[in-house]
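Participant: Protein sequences, first through last, are from chains A and B. Residues in the first sequence are numbered from 4 upward in steps of one, following the numbering used here. Residues in the second sequence are numbered from 4 upward in steps of one, following the numbering used here.
Mixed in with the good hints there might be a few duds.
Just so you know, same-sequence chains aren't split out, so a pair can sit in one copy or run between any two.
Calculated pairs, SDA-like style, for lysine to any residue (alpha carbon to alpha carbon, straight line, at most 20 Å) [said to hold, decoys possible]:
| # | residue 1 | residue 2 |
| --- | --- | --- |
| 1 | K21 | E46 |
| 2 | K21 | I52 |
| 3 | K21 | V45 |
| 4 | K21 | E111 |
If you're looking for bench data, these hints aren't it; they were derived computationally from the structure.
Protein chains: 2
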Amino acid sequence: MHTDWKEELASFRQLVQKMKSYEEALGVMYWDLRTGAPRRAVEGRSAVIGMLSGEMFKLQTSPEMGRALQRLSAEDVQQQLEQVDRKMVEECKKEYERSTKIPQDRYEEFVVLTSQAESVWEDAKEASDFAMFLPYLEKIIAYTKEFIERWGYEGHPYNALLDQYEPGMTTGQLDKVFGELRSRTVPLLQKIASSPHQPDSSFLKRSYDKEEQRKFSHYILEQMGYDFAAGRLDESVHPFATGLNPGDVRITTSFRPDDISFSLFSTIHEGGHALYEQNLSQDLMGTVLCTGTSMGIHESQSRFWENKVGRSRPFWRRYFKELQQAFPGAFDQVQPDDFYRAINVVQPSLIRIEADELTYNLHVMIRYELEKALFGGELQAAELPEAWNAKYEEYLGVKANRDAEGVLQDVHWAGGAFGYFPSYSLGNMYAAQIYHAIQQSLPDFEGLIERGELHPIKDWLSERIYRFGKLLTPAEVIQHVTGEPLNPQYLADYLEAKYKDIYRID
Amino acid sequence: MHTDWKEELASFRQLVQKMKSYEEALGVMYWDLRTGAPRRAVEGRSAVIGMLSGEMFKLQTSPEMGRALQRLSAEDVQQQLEQVDRKMVEECKKEYERSTKIPQDRYEEFVVLTSQAESVWEDAKEASDFAMFLPYLEKIIAYTKEFIERWGYEGHPYNALLDQYEPGMTTGQLDKVFGELRSRTVPLLQKIASSPHQPDSSFLKRSYDKEEQRKFSHYILEQMGYDFAAGRLDESVHPFATGLNPGDVRITTSFRPDDISFSLFSTIHEGGHALYEQNLSQDLMGTVLCTGTSMGIHESQSRFWENKVGRSRPFWRRYFKELQQAFPGAFDQVQPDDFYRAINVVQPSLIRIEADELTYNLHVMIRYELEKALFGGELQAAELPEAWNAKYEEYLGVKANRDAEGVLQDVHWAGGAFGYFPSYSLGNMYAAQIYHAIQQSLPDFEGLIERGELHPIKDWLSERIYRFGKLLTPAEVIQHVTGEPLNPQYLADYLEAKYKDIYRID
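Produce the entire structure from the sequences given, and follow the hints as far as they go.
Facilitator: Here is the structure:
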């Protein structure tokens with residue numbers, strides 16, 4: 004006997020709300036562990052986190068969930084669902100199918116493996132010893148290949164991995180956009196390297212009072228429209244933002260005593276992520292749609308605020324005087340334009356997370372190409388260091404002397420997060436395309452920044468991106484905001500214009 | 004068919020560990036809400052807290068729990084259980100029976116009622132309007148009476164309430180010990196009032212830098228043996244301690260700019276609670292025994308550290324100089340002995356939480372007598388303000404002009420926590436009895452304090468009290484530590500000796 008679909012919908016919504024509650028509780032505990040939980044808390048807390056994660060997974064893959072999804076995705080029912088419910092069913096069905104295709108014991112083995120691997124990776128990186136990490140990496144790749152087969156995929160096996168972070172993204176599309184971007188980045192990089200007009204950035208590495216850095220971070224977040232009644236700013240080793248619910252979106256940053264840029268741009272970057280989560284529509288509360296639509300779109304917002312706003316000339320025309328006042332003596336004789344050029348210095352380097360806006364994408368492309376080859380069967384894990392170094396030499400002209408500065412630098416593979424890296428560059432491309440659109444829509448965009456009127460910018464993005472959460476796919480967001488699909492030329496144009504000006508090329 | 008009891012035991016332990024995990028997650032979220040969660044977090048977080056509490060309650064009263072308890076409390080099985088498991092079964096059975104005797108819907112109504120009542124109480128206190136609060140109070144009392152009938156009790160109905168906070172305590176015992184204590188407190192109070200040697204405490208109300216207060220609190224906690232690798236110190240409006248697990252026991256305090264005593268003694272008080280929780284035996288981790296054995300014994304530890312150590316003469320012989328240095332100018336011309344007398348000023352007053360060590364117990368006795376009369380049927384809720392004021396006049400010689408300073412001052416009744424108040428004075432009596440025992444056992448007790456050697460004191464208490472958690476009942480703890488049952492004469496003797504000296508009586 005069929006239950007009424009409206010009853011099924013009510014219990015489906017409850018099930019989802021329960022999953023979201025587990026997720027929020029876990030979010031609070033992760034935030035706590037990363038911001039100041041006592042050292043000895045960890046052992047006990049890990050058991051709690053394991054239990055709650057397990058309960059959440061059980062709900063997600065429960066027979067009740069399966070039954071509800073089957074009933075609610077029947078065509079006659081689907082047509083009667085409201086948009087939010089229809090989209091929720093779609094999302095949960097995708098997750099349900101993904102999760103139930105992997106046998107419980109295989110999944111649990113994988114979780115244990117990656118948690119061991121993360122700790123081995125730390126030691127291996129410390130010792131710069133790839134051989135130490137290799138057996139774990141090989142196993143993680145083998146499990147991942149097995150999972151890809153179980154999930155199924157269209158075209159390239161790597162598409163199954165991409166889809167986890169950027170729904171709908173494919174190697175075909177990435178090859179095309181990365182190819183176009185690279186063909187315009189590499190010549191630009193060469194011109195920059197040979198320019199006689201290299202900016203002086205020595206004043207970014209002086210001594211900066213920590214309390215003043217904190218105040219300045221707080222001030223800039225307020226200027227951006229970050230709502231402190233729905234968030235807070237703390238310190239952690241690696242900066243992050245976490246949206247527990249739209250009324251509680253927290254940011255961390257890190258204050259380096261001898262590097263003013265680090266806290267400044269970490270704060271603005273995480274602030275961009277946070278604006279997205281704070282401005283999700285209230286209607287999405289307690290649903291699976293109450294978060295950013297993809298890693299790439301999320302990253303586009305952190306990078307829009309960090310690079311298009313925070314590293315722009317008008318921004319520092321407005322805020323440089325206040326920065327000078329906050330750090331007396333540190334910026335004597337420095338003009339806003341000197342500061343602007345200094346924070347945009349381009350320098351090919353070995354380490355992704357320290358890369359500038361231009362070379363960053365080359366770091367990402369290298370990882371993408373290696374991952375694709377691993378899962379396409381053209382590359383073995385043991386060959387990674389050599390392949391890594393060859394690509395760094397080819398794309399960036401730099402060579403790692405130690406694997407710690409090369410193939411061992413990122414934690415992602417130890418955690419099994421293959422397919423994640425492209426999100427970073429997708430974020431840059433989306434951000435540039437949105438930047439183009441907002442300038443069309445708000446012709447006085449630069450003037451707004453120069454007058455410190457950042458709220459209209461936040462409102463523009465909220466109206467078109469933030470409030471929708473996962474109600475729109477990443478491709479729909481980009482189409483809807485910019486009137487065309489992902490197009491890497493916007494990023495290439497933006498980078499060319501910006502760096503030709505800074506390095507006085509042509 | 005009977006399952007093997009060892010299997011039943013294994014699943015019982017898992018069930019308990021799961022309950023404890025929910026409890027720990029809830030603890031983290033409560034701590035977070037009280038120490039700095041953004042204002043707008045609360046709405047979403049409340050739903051999460053409600054869900055997790057519900058899951059915990061479900062486990063506690065689940066058919067699996069019922070079955071396991073029945074099997075494991077069979078006499079033949081019980082004899083084979085180890086002490087920890089036997090005691091766990093006992094504890095969980097008690098909770099199971101209590102909880103399953105109340106119909107789910109009645110319990111949920113009660114939870115909603117008390118949560119509304121707490122908010123009405125706040126407004127009523129603000130407006131000093133008892134009539135506003137009365138209908139809620141009447142309903143809470145009616146529910147509580149119904150629950151008492153459902154639970155059952157021996158002797159006085161109030162015993163069912165006492166047992167929640169102080170297992171095994173009865174009105175018979177309390178009437179006796181409170182009677183003895185009162186008969187010695189009231190004459191002492193009269194002598195103090197008429198003493199010409201009133202200490203000067205004006206230097207406790209000057210101006211004290213908040214950062215210095217924080218540092219001093221931190222320092223004193225370290226001196227007490229509080230482990231900062233297993234805890235942290237934060238600020239909250241009302242100071243509290245929370246033991247999430249023995250590796251994570253957090254304290255809060257509150258720094259008042261014009262009152263040095265407040266943070267000082269709040270910190271030491273909460274530090275005492277925390278030492279208990281930090282020093283629970285590792286063997287009890289993940290069991291229901293991994294906490295203090297009762298509210299009274301817990302309070303005995305906070306008060307032992309606050310009053311027997313922190314408000315003692317040798318303590319300030321050791322630490323006064325450092326206090327002076329931390330707050331330059333605030334204590335000029337003040338001698339350690341002046342400070343000792345000032346922090347022990349006795350002054351009958353209206354507000355319990357601001358009461359001194361001597362009059363505090365009278366505040367508690369008043370509440371106890373009123374609660375007992377309410378549940379004994381001799382007093383109606385509507386008669387409370389009058390009865391309250393009459394007792395304050397009789398015991399303390401003070402009269403509230405407004406209910407906000409009288410019957411409306413405490414939140415306990417709004418939350419339905421009848422039976423809780425006696426714990427505070429039980430704590431004082433236990434603490435004095437333990438104080439007597441430790442002086443017998445460590446004859447150089449005062450010398451240890453005067454030399455700042457507080458660790459042997461912490462170790463003594465850990466060895467005899469802290470490590471056992473709920474493995475011993477409160478009565479067993481006191482018998483085991485002091486060689487006799489609860490005896491109020493120790494507190495009376497201690498108070499007489501202390502205050503006769505301070506007020507130079509006889």
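Participant: Quick one: K21 to E111, C-alpha cut-off 20 Å, is that within a copy, between copies, both, or neither?
Facilitator: Answer is between; shortest inter-copy Cα gap is 18 Å, intra-copy 22 Å.
Participant: Using 20 Å as the alpha-carbon threshold, which applies to K21 and I52: within, between, both, or neither?
Facilitator: So K21 and I52 pass the 20 Å test inside a copy (16 Å) and across (11 Å) alike.
Participant: At most 20 Å between C-alpha atoms: does K21 with V45 qualify within a copy, between copies, both, or neither?
Facilitator: Only across copies: K21 and V45 sit 17 Å apart there, 25 Å inside one copy, limit 20 Å.
Participant: How do K21 and E46 come out at 20 Å by Cα distance, when the copy is not named: within, between, both, or neither?
Facilitator: between (26 Å within a copy, 15 Å between copies)
Comparing the model with each numbered hint stated earlier shows that all of them hold.
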